[in-house]
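Number of protein chains: 4
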Amino acid sequence: MTQIKNIGVFTSGGDSPGMNAAIRAVVRTALYHDLQVTGIRRGYEGMINGDYEPMNRKSVSNIIQRGGTILKSARSTDFQTPEGRKLAFFQLKKHKIDALVAIGGDGTFTGAKLLGEEHDIPVIGLPGTIDNDLIGTDFTIGYDTAINTVVNAVDKIRDTAESHDRLFIVEVMGRDSGLIALRTGVASGAESVLLPETDLGLDALMYRLEHGRKDKSSRIVIVAEGEREGGAFEIGDIVKAKFPNIDTRVSILGHIQRGGRPTCMDRVLASRLGYAAVEALKEGRRGEMLGVIHGEIAYTPFEKAIKHSPEINKTMVKIVEVLSL
Amino acid sequence: MTQIKNIGVFTSGGDSPGMNAAIRAVVRTALYHDLQVTGIRRGYEGMINGDYEPMNRKSVSNIIQRGGTILKSARSTDFQTPEGRKLAFFQLKKHKIDALVAIGGDGTFTGAKLLGEEHDIPVIGLPGTIDNDLIGTDFTIGYDTAINTVVNAVDKIRDTAESHDRLFIVEVMGRDSGLIALRTGVASGAESVLLPETDLGLDALMYRLEHGRKDKSSRIVIVAEGEREGGAFEIGDIVKAKFPNIDTRVSILGHIQRGGRPTCMDRVLASRLGYAAVEALKEGRRGEMLGVIHGEIAYTPFEKAIKHSPEINKTMVKIVEVLSL
Amino acid sequence: MTQIKNIGVFTSGGDSPGMNAAIRAVVRTALYHDLQVTGIRRGYEGMINGDYEPMNRKSVSNIIQRGGTILKSARSTDFQTPEGRKLAFFQLKKHKIDALVAIGGDGTFTGAKLLGEEHDIPVIGLPGTIDNDLIGTDFTIGYDTAINTVVNAVDKIRDTAESHDRLFIVEVMGRDSGLIALRTGVASGAESVLLPETDLGLDALMYRLEHGRKDKSSRIVIVAEGEREGGAFEIGDIVKAKFPNIDTRVSILGHIQRGGRPTCMDRVLASRLGYAAVEALKEGRRGEMLGVIHGEIAYTPFEKAIKHSPEINKTMVKIVEVLSL
Amino acid sequence: MTQIKNIGVFTSGGDSPGMNAAIRAVVRTALYHDLQVTGIRRGYEGMINGDYEPMNRKSVSNIIQRGGTILKSARSTDFQTPEGRKLAFFQLKKHKIDALVAIGGDGTFTGAKLLGEEHDIPVIGLPGTIDNDLIGTDFTIGYDTAINTVVNAVDKIRDTAESHDRLFIVEVMGRDSGLIALRTGVASGAESVLLPETDLGLDALMYRLEHGRKDKSSRIVIVAEGEREGGAFEIGDIVKAKFPNIDTRVSILGHIQRGGRPTCMDRVLASRLGYAAVEALKEGRRGEMLGVIHGEIAYTPFEKAIKHSPEINKTMVKIVEVLSL
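Residue numbers (the UniProt record's numbering), protein chains in the order written: chain A, 1 to 325; chain B, 1 to 325; chain C, 1 to 325; chain D, 1 to 325.
Keep in mind that a hint or two might mislead.
To be verified - Simulated crosslink set (BS3-like; lysine-lysine; CA at most 25 Å straight-line): (1) D/282 with B/314; (2) B/216 with B/318; (3) B/58 with D/216.
Claimed, not checked - To spell it out: a stretch of chain B is covered by chain D in this simulated footprint if at least three of its residues, at any positions, have a beta carbon under 8 Å from a beta carbon of chain D; those stretches are: (4) 24–32; (5) 62–68; (6) 143–150; (7) 253–266.
Claimed, not checked - Quick list of the computed label-pair ranges, beta carbon to beta carbon: (8) A/117 with D/58: 34 to 44 Å; (9) C/200 with D/86: 47 to 57 Å; (10) B/138 with D/75: 32 to 42 Å; (11) C/242 with D/243: 38 to 48 Å; (12) B/217 with A/307: 30 to 40 Å.
Keep in mind the hints are simulated off the structure, nothing from the lab. None of these values were measured; they are calculated from a predicted model. Heads up, the beta-carbon is just placed ideally off N, CA and C, and yes, glycines get one too.
Only chain A is shown next, with the shape it has when bound in the complex (with noise of 0.2 Å):
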């Protein structure tokens, strides 16, 4: 294994509240170890396009509560292609860049894992996206902000259901997975939570609607925006048809749940997973995501950790139910 002398870091896919705090710890680590670091903007169309930025220490100053990524993200048609990753390498030889810690989500390590068997460059993963939804952590970069924008959203949300008597439908974010909607239909006492990995979500709904507690004064019902029945306005569609007497409004979270300054908990965890992402290169580790598991650091090749499937707490579906009744 050859000494690294300098890392590049990029962050590629749908940004996430941390992915900063990420970068930042990155940087400030690797110029702790005496290397250079490169900032690769815009993903991997930046690396292909040559768009690169040595880093320093003022370089990250100030952006650990920033939501978003300063390195910018953008997704890349090119780097599908074994082409643009040859290219990809190519740029990164020519800028001396020995070594990549790459932040995002399963199509980032897609990439990685394609780029890191092409090609004789050594690439961690760290696990950056809101959804949640990777194997090889227990939370990924962004989730614990996402949850709670998501939580305050709705916190807004049945302050008006409670004053008008309306059952609300907010449609959040999570992609194929009901990780966000589950852990925030607890948190904000929802009524039901329709996830995509089961089927009965709005049988159980509609069940209780007819024959639940007729003297609930408002409801909310979570919807993950990849729920089998269609989205938010399909359900609410669905429920105004059946229920004509409730008053019934659809609401979808949309982008805010994106952004934002993050929690302590996504602060602390990009810090030390991007602590130890250098600490990883320094010891010769290469195709692998960190992340964090039961409180310490855990590595998974990148091809375990995008065969994601998340498995739903059915306690958690449960006490949904439970406490909402």
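Since chain A is already given, all that's left is putting chains B, C and D on it; use the hints.
Using the frame of chain A, we list chains B, C and D on its own:
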């Protein structure tokens, strides 16, 4: 003028943050003057149905900081008829209520005006709406909270807009008033604001996207829900069709704008107006909406308050343009 | 084992955000199982004085998002005596309460342990304290909210520290535990953290101020309230005496750390534990504190839970140092 | 009057949220008029030391939402002498700066007045201070943010006050002005406010604790830092001595009040004033502080603006008393 002994208080129309602070102020001030206070639940609907409850000090403990309205709100079609109002008056007499404080918007005051004209009961109105679209007050109760909710949400959206070099079209509330859009447009550093009161918004935006700076890393456009060209999705389609290279997204902020803990300003405004409402009734005033104009309590007859034609400050429109250049 | 029919629930010791969510979960889960639930107000003091109230679904409506505890909390010197506990047991029997859920910290569990040993009543404890200083759970209810409150406060302080090139010494809570200080130190990008568990904090800080970078525009030092050298004011005096050219200020965050709306994580933790507490009592468990360890419910005997010796993660201390270089 | 070509902008005195929004507005408006803008760092100290940097559009990107001041602030004793001001003017000329926008409080304007009198350079001032203690504007930039920070903090403190039946004495900023204390006292439902402008605060509080309702579960007293009887600790000692049965605690909110993301109102005020400052200089105005009075831009000579004698609205003091009964 007969001595008032029992004041009825209610909220009507869309809820707004600070209504609870206003209720608290009415109740506590009335009790201070050894008057009785009766809470009327669900607005005019509850007034007709006899949904009344006596209020004491404890009834309004610990509510100053809560969004929504503990007295709930509802629309009433019955009250729009003379028969409905007669029934309401009958119920008020039955419960020995001899004066009213109505908290709401123009619909509320239209009803209050008719009730006070057709029947012998003094009514004082307080402006409770996030839209700030009433004559007779510099600000309505709830407006300041709503614009802060919008600005906080747009701050989050800007994080992700910056990270991905996107243009975001954000739709805010305000019915046929652009006051929420204009002020939040200035405060969130928006590229443009599209207001229902002006024709020029969309043209100016299109001109700017075509001829303006190309190096902007993100753009925020604020659209008022009543904007003439259609909602944010329609605006988004127009922009996407003409500028396919701009990564354009739409976000409808929706009902989060109605809820949440009221800001300091909204609590102070609500407290002052609630206090002044009881004083006004004691002084024999009736048929007026109270507001604060230039720091002083102002009295505006209902018929004038509801004829709102919110003026748009043209300098503010210019400021949005200049400061986002 | 006798069938449980009526569960008493109470909060004791310092309040923490999420206690209400835990109470709600206990009440709703008990009702779900057709058990009665009695709220005991003001902790052990109310238990002795008979300050009891039956709880129903409505009793815990709309409290999941509220800080503090609706059952209130108090210290009781009487309960520390066998006579006091005997009296408490007498009152419990009189009110036909045959099981208890105690929400609080080590003092609460010490009392619960003695009560359960001396008298025949099963008690389950839930960890409600911002200090996170209990064995038997990865996190206590309230800790996540408290560290976010601290981080938000330090973000504000950093604004002014940056503007004036100041060093701020910020004192945070935690009694004899540095867990709040350590995590918030990482998350707020602090220069140093001074912890009660280590001797080195102050020396390291002084060394760094003398030999470290001189070009830092602001510095934040987090001091745990139990730190050995004395509180933040004492540390401030030491720094000022040795480095008169550094503009040094002290801020004691104080009681804001105990209150506020609980975070998503605290609400989920509280909901899971409240649900599990009732399940545990139904299964015949007693004398244990419930926690969540590695994502699973864990059962720890009271005598073990209260013998806390919170371990300080040395890598985290290193991370603070490295990342603020 | 000579044509202005290069405007210098600086912040001075205590920082306040919204200063960055004002800087942004000055820079962007100047650029809009094809003027140059120079940022002067660290207030008058930097003006003397030549700490200048040219500003462009990018210099003020993404700062509208940030607390503090990117131009930093400092106190300068040198500038208080004619020689210091002469040196400052020499530096300004050397950098071809021919007009100034000074953002700060009374100390800032005192300096600006002298500079403008002794040397030929037009200066316009913008009111940037959390204290709201200047004549010539309804609100100063930062005041609205500060009072919301206070109210949010007191909301948290009330959670714990309610849980433990405590009286909290909360000290807020404001130097010799009670405007922060009074408004936050109303908004947080305080029992009493103790203001530097009135003698009666402490007597009224003591009378009330002795003769008022005994069944209040919590009490909040807001003390302005300049209150005559001494700070919050002294008030706390007096209360504890006379009412040993009341569980009394003290909390000094401190420097969190100076920082944080500015509210919508502060950003709008700062944007309007920054825009108007450049317009004013172009029109040949000098020696004036700009403010907003009754919604319109107002111009006040420096000598008048700094002679503040903030009037206390007596009805507001009464409202605190009546609403907390």
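Failing hints, ascending?
-> Those not satisfied: there are none.
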